[in-house]
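A.B. asks: Take a look at the letters that make up each chain.
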Amino acid sequence: AQSVTQLDSQVPVFEEAPVELRCNYSSSVSVYLFWYVQYPNQGLQLLLKYLSGSTLVKGINGFEAEFNKSQTSFHLRKPSVHISDTAEYFCAAEGSNTGKLIFGQGTTLQVKP
Amino acid sequence: GAVVSQHPSRVICKSGTSVKIECRSLDFQATTMFWYRQFPKQSLMLMATSNEGSKATYEQGVEKDKFLINHASLTLSTLTVTSAHPEDSSFYICSAREGRVNFGANVLTFGAGSRLTVL
Chain H
1 AQSVTQLDSQ VPVFEEAPVE LRCNYSSSVS VYLFWYVQYP NQGLQLLLKY LSGSTLVKGI
61 NGFEAEFNKS QTSFHLRKPS VHISDTAEYF CAAEGSNTGK LIFGQGTTLQ VKP
Chain U
1 GAVVSQHPSR VICKSGTSVK IECRSLDFQA TTMFWYRQFP KQSLMLMATS NEGSKATYEQ
61 GVEKDKFLIN HASLTLSTLT VTSAHPEDSS FYICSAREGR VNFGANVLTF GAGSRLTVL
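Chains H and U supply the protein sequences, listed in that same order.
Mapping to my numbering: the first sequence position 43 is 43, numbers consecutive.
Mapping to my numbering: the second sequence position 23 is 23, numbers consecutive.
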């Protein structure tokens, strides 16, 4: 089984500042890792994913994440945020032997003008 | 790209009635669909795995008699909340994957969700 922990429930940041949303995972098997964004009363939109290969993955809307196996982390970063990035962000892990996607608790990114 | 449609997007019902939510993969065949439940300002909790042509697999703590899942075809899974009560009010989200569950980590596509309010 796998689990995902998002270390920050809320992250306030000013517009055009950089941001990092932290995610740690644990699993007894190899996992695939994902970041999703959810806007109010909407479903989930995939930002980026790590399946294998290069540990730095780039996604949509200028986001990127780095897979760190030794630290079991998959932190999400953006060098300069916009007001429109205000949303809920979920880190998720899928066990390679289960196909089930398990989500972290979510982090609310609040971008202030 | 792959699209998953959920219907209805919002539903209000009286306590004791049953409500059916549909999840359709519009442009691909989904042998497996997943149903999640999300409480306000909380994460998505996996409820069950819906397998086409067979019984759903429920996560621990989810009442299978309360949440009936049927995956009658490769493009449709339904979740029926039976004898709904106010505590069943929640945001229900389905997701689907094209192809086999463990094959190449094909990315899940999520529906837009269905908000159930039980009065």
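Treat the hints with care, since some could be wrong.
Lysine-lysine pairs mimicking DSS-like chemistry, simulated, CA-CA at most 25 Å apart [unchecked claim]:
1. H:100 <-> U:41
2. U:64 <-> H:100
3. H:100 <-> H:49
4. H:112 <-> U:20
5. U:20 <-> U:55
6. U:66 <-> H:100
7. U:66 <-> U:41
8. U:41 <-> H:49
9. H:69 <-> H:58
10. H:100 <-> U:14
What the hints contain is simulated information worked out from the structure, not anything from laboratory work.
A.B. asks: All the hints need checking, so say for each whether the structure fits it.
C.D. replies: Now the hints, each set against the structure:
1. Note on residue 100 of chain H and residue 41 of chain U: the hinted pairing holds, with a Cα-Cα distance of about 22 Å set against a maximum of 25 Å.
2. With a C-alpha separation of about 18 Å, the suggested pairing of residue 64 of chain U with residue 100 of chain H holds against the 25 Å cut-off.
3. For a cut-off of 25 Å, the pair hint linking residue 100 of chain H to residue 49 of chain H stands: about 15 Å separates their Cα positions.
4. A hinted pair counts as satisfied when its Cα atoms are at most 25 Å apart, and residue 112 of chain H with residue 20 of chain U does not qualify at roughly 40 Å.
5. In summary, the hint linking residue 20 of chain U to residue 55 of chain U is supported, as the alpha carbons are separated by about 17 Å, within the 25 Å threshold.
6. Taking the CA atoms of residue 66 of chain U and residue 100 of chain H, the gap is near 22 Å; set against the 25 Å cutoff, the hint holds.
7. Note on residue 66 of chain U and residue 41 of chain U: the hinted pairing holds, with a Cα-Cα distance of about 24 Å set against a maximum of 25 Å.
8. Only pairs whose Cα atoms come within 25 Å are accepted, and residue 41 of chain U paired with residue 49 of chain H is accepted, the gap being roughly 23 Å.
9. For the proposed pair residue 69 of chain H and residue 58 of chain H, the alpha carbon gap of about 17 Å is at most 25 Å, so the pair holds.
10. At most 25 Å may separate the alpha-carbon atoms for a hinted pair to count; residue 100 of chain H and residue 14 of chain U exceed this at roughly 33 Å.
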